[in-house]
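Residue numbers (full-length UniProt numbering), protein chains in the order written: chain X, 1 to 452; chain C, 1 to 366; chain H, 1 to 166.
These are calculated hints, taken from the structure and not from any lab test. Keep in mind that a hint or two might mislead.
[Stated by the list, open to error] As a list, the in silico DSSO-like pairs of lysine-lysine whose alpha-carbon atoms are at most 27 Å apart:
(1) K103/H with K184/X
(2) K70/X with K66/C
(3) K179/C with K221/C
(4) K140/H with K198/X
(5) K370/X with K289/C
(6) K9/X with K249/X
(7) K105/H with K191/X
(8) K135/C with K370/X
(9) K191/X with K45/C
(10) K122/H with K148/C
(11) K136/X with K140/H
(12) K184/X with K149/X
(13) K191/X with K73/C
(14) K136/X with K17/H
(15) K70/X with K35/X
(16) K140/H with K105/H
(17) K221/C with K135/C
(18) K341/X with K150/H
(19) K150/H with K184/X
(20) K370/X with K148/C
(21) K30/C with K191/X
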Amino acid sequence: MGVKLLLAKAHVEGIKNYDVYRREGGYQSVEKALKTMTPEAVVEEVKKSGLRGRGGAGFPTGMKWSFIAKPEGVPRHLVCNADESEPGTFKDRYLMEHIPHLLIEGLIVSSYALGSNDTYIYIRGEYAWIVDILEKAIAEAHQNGWLGKNILGSGFDCNIHVQRGAGAYICGEETALLESLEGKRGNPRIKPPFPAVKGLWERPTVVNNVESLAAVVPIINMGGEEYAKIGVGRSTGTKLISACGNINKPGVYEIDMTISVEEFIYSDEYCGGIKNGKRLKACIPGGSSVPILPANLLLKTAKGETRYMNYESLSDGGFATGSMMGSGGFIVLDEDQCIVKHTYTLARFYRHESCGQCSPCREGTGWMEKLLLRLDKGEGKMSDIDLLWEIQSKIEGNTICPLGDAAAWPVAAAIRHFRDEFEWHVLHPHEAQVRNFGLAHYADPLQVPAGA
Amino acid sequence: MSDEILLKVTIDNITVEVPAGTTILQAARKIGGDVTPPAMCYYSKLQGSGGKCRTCLVEVSKGSEKDPRPMPKLVASCRTTVMDGMEVKNITSPRVLEARAGVVEFLLLNHPLDCPICDQAGECHLQDLSYEHGKQGSRYEFQKRTFKKVDLGDYIQLHMTRCILCYRCVFTADQLSPKREHGVLDRGDHAQIATFIQKNLHNEFIGNVIDVCPVGALTDKTFRFKNRVWFTKPVNAHRHCDKCCGEVQLWLRGDEVFRVTARKDEWGEIKEASNGKTGWICNECRFEKKNLADWIIEGPTNVNRHSVISQNKYVGLVKPTETFPKIMKGRNPKLLMDIHSVSEVNKPNIHLSQLERPAHSTDFNQ
Amino acid sequence: MVQFSEQQMQEFNRLVKRYPEGKQKSALLPVLHLAQESFGGWLSVETMDYVANLLHLEPIEVYEVATFYSMFNTQPVGKYMFEVCQTGPCMLNGSDDIIAYIKEKLGINVGETTPDGMFTLKTVECLGACGYAPMMQLGKHYREHLTKEKVDAIIEECRNNAARNN
């Protein structure tokens, strides 16, 4: 059993309610921070903890906090990014649904650290019922003196508001989120200026993921140094992984980043192996945007070392033979899944979610989707595969926001590792409609001939 | 002004000094020529414009004197301000040229390429862009996105199929009129400029959206299909107008005024008027004053020789009677452009073809 | 005529109060949600103009936002909208079969509404329920681990609810 910091109490009966949460030790970090620490000291603890943003980019949270501008007389804001929309990711939802007070507690401490008197939770519009859960938790926190004016006599005022989005993946990008929070279309802003200088209503703003903010609670309770001892290297603390796809036990798991990918997939404590006794073909370890890896590269790195569930190990080998931790959306594909079709659904997703502001993303995502659909239907040409590669390379890095990269990487990785499957679709158009390519040489250790 | 701090920025090996806050694109325009990246969405007179089309991407090979690290990604030169000691590569960067060709291909993907029947042909920035940076042919084999033509009142026609979503017209309406009535609807590849409800645009400065539109998406209904721009002759003219500066460009054929537009500078943007403000013109001047008698003609407009609009403008031109030897006091140049053989400054042992970049005087001082 | 009831107006005021003075535009998304729930599940031009007026915005600002977000319907929809996820993880768990089944069962295509105005079928992209796939959103809540039997039960449930409310 690994260390559990966020979900340790998630299954205590009635933990959604304030009384139970408090009895289980909730809101201690607020007491500790507001009574015994300065805001700067809180930032310092978070820095020491080595906590990396859990939304996907993995940027050190403490460092992000220290960038916030503090001009005289201008209010600052903390915004919680609960617009969880990356395919394969549903960890924030789980956390908010099961233990909402943990997020509220983390938000109060973080708001104190950043000097945010009005803090906003921007939650994806589809999570409509979670808004009620959060608002109830906020109301309870108010009644018990954890929110409002002069909290615990510290002189610090704080209110938390929940804002619902309305269906746009792009609003998970922090500047698009701020635009949306201002009541506009979710078009990402052109940076600079960065939100830390000019964010919400042109005021200094920090945007953090739900899980990152929840992690502030154990960091303050145990101290940044203690927190940093959990995990390995620069992957400190625990990480929520939402596992889905063709596995026996899909769900959200808290891991301490010391277990191997193999253990995560096959042990009964986590995913419980592949469904229906099938074999593992491929996996996207960090949400749909990160590169897909075939089984042989997933379980072991290109150097033949065991791959672990942490930032460094998952990205070992770069994009050539590695992937990324991303948001922790762990999508597993079994031997009967078609990579072309799967990649097509992702391309369709990104085309649907492109905001349309900049040309490479607006036009490129649609083009990739059409080509992939054609390939999937067995109407593609060999040159389409090269064309896809070229299109993704023209999108990557050339767009306003990371959605362009996010749309390009899955296509690139699918072609990089599964090119023969794409070619098989072109060469056997009719066969490709009635059966799948199978495992081929992707799986380790058994060799299965292509198309067998 | 003299104590203003100037920053040094080097673009394609040419160094200029610009005030703080200048963007890379503005600095490059100061240098001019091929060093200037093309811009389809940026419009210096419209606040907030730029950053969207990605044609002006450049490589920053040195961030600044203080922090010389290169920027990992290509940046939009129209929205990136220069730092002291910054080094930028535009046409000297293969990465930039490749990315730009990609952007051109993306922009043309759903563009109808109906130039033969488009009023904008001849003064279309997308045409220029694709000639200069695009590739021949398209690899797109799917049906193009189309929209129905929309009338935005008596004067303006919206041909959304040609639009490249630069947002300039939205900024124009926002910044020139008290009430914006059109905007960008939907998202992604089906985003469109529209009013949502069939609506006429009324504001008296709204005609300027035609001038800022880089393509033929917004055209002047009073000029539609009347003529090709290269058959008309542009002259500068003005009239007294109590709404706008009244300084315009008339597009004539004989004595007939076919079209009235604002005056444009070499970047295709509306010029400053004599009152020092941007020379936006009102609907009355643009659409309703089509008699030559309404205007005081100042003289022909300077047209770039490379523009198709300069075609036929030199008919009947008298060649200068002086010959070269006469101008050069008896010496007849062998080849005007052959600086290698005639230069006494450049050292012949320095091979320009072996330099990776344009030659600079310092190359000859070794 | 489109007009919030007194209770809806209270909710409107609560939403607007969350933002600083002069930033009432920020309430646009929540207010549009409120309007959509209040006025028949979609946003007519009249509704959007009403919201624009309440928030002191130009109508085009509301149209721009309403057409950007996929949860806002600018066309009428059925009483019950089945929004079935079809992205990668749901596809891996058979969402295609579920969509085909609903189509067959209701006799409509994706994007269409049954003639009685009861059901609309819509496909959506990832709703963040990948571990509980296949799934769909019905009103405020998710229906997860869908099977053909479950779909039957949901359709039955909707019909019963509609009958009871009539």
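Results for each hint:
Taking the CA atoms of K103/H and K184/X, the gap is near 35 Å; set against the 27 Å cutoff, the hint is violated. For the hint linking K70/X to K66/C, the alpha-carbon distance of about 24 Å falls within 27 Å, and the restraint holds. A distance of roughly 22 Å separates the Cα atoms of K179/C and K221/C; the hinted pair therefore holds under the 27 Å criterion. Restraint check for K140/H and K198/X: not satisfied, since their Cα atoms lie roughly 34 Å apart, outside the 27 Å limit.
Simply put, K370/X and K289/C have alpha-carbon atoms about 49 Å apart, too far for the 27 Å limit, and the pair is violated. Our distance criterion of 27 Å between C-alpha atoms is met by K9/X and K249/X, whose separation comes to about 20 Å. At most 27 Å may separate the alpha-carbon atoms for a hinted pair to count; K105/H and K191/X exceed this at roughly 49 Å. Of the supplied pair hints, the one linking K135/C and K370/X holds, its CA atoms being roughly 21 Å apart against a limit of 27 Å.
Between the alpha carbons of K191/X and K45/C the distance comes to roughly 20 Å, so the proposed pair stays at or under 27 Å and holds. As the CA atoms of K122/H and K148/C are separated by approximately 25 Å, the hinted pair is consistent with the 27 Å bound. Annotation: proposed proximity of K136/X to K140/H holds, straight-line Cα distance about 17 Å (limit 27 Å). In summary, the hint linking K184/X to K149/X is not supported, as the alpha carbons are separated by about 30 Å, beyond the 27 Å threshold.
Pair hint K191/X plus K73/C holds up; C-alpha atoms about 13 Å apart against a cutoff of 27 Å. Pair hint K136/X plus K17/H holds up; C-alpha atoms about 18 Å apart against a cutoff of 27 Å. For a cut-off of 27 Å, the pair hint linking K70/X to K35/X stands: about 23 Å separates their Cα positions. Between K140/H and K105/H the alpha-carbon distance is near 23 Å, which keeps this suggested pair within the 27 Å criterion.
Annotation: proposed proximity of K221/C to K135/C is violated, straight-line Cα distance about 32 Å (limit 27 Å). With a C-alpha separation of about 26 Å, the suggested pair K341/X and K150/H falls inside the 27 Å cut-off, and the hint holds. Proposed proximity of K150/H and K184/X is contradicted: the alpha carbons are some 38 Å apart, above 27 Å. Pair hint K370/X plus K148/C holds up; C-alpha atoms about 23 Å apart against a cutoff of 27 Å.
For the hint linking K30/C to K191/X, the alpha-carbon distance of about 24 Å falls within 27 Å, and the restraint holds.
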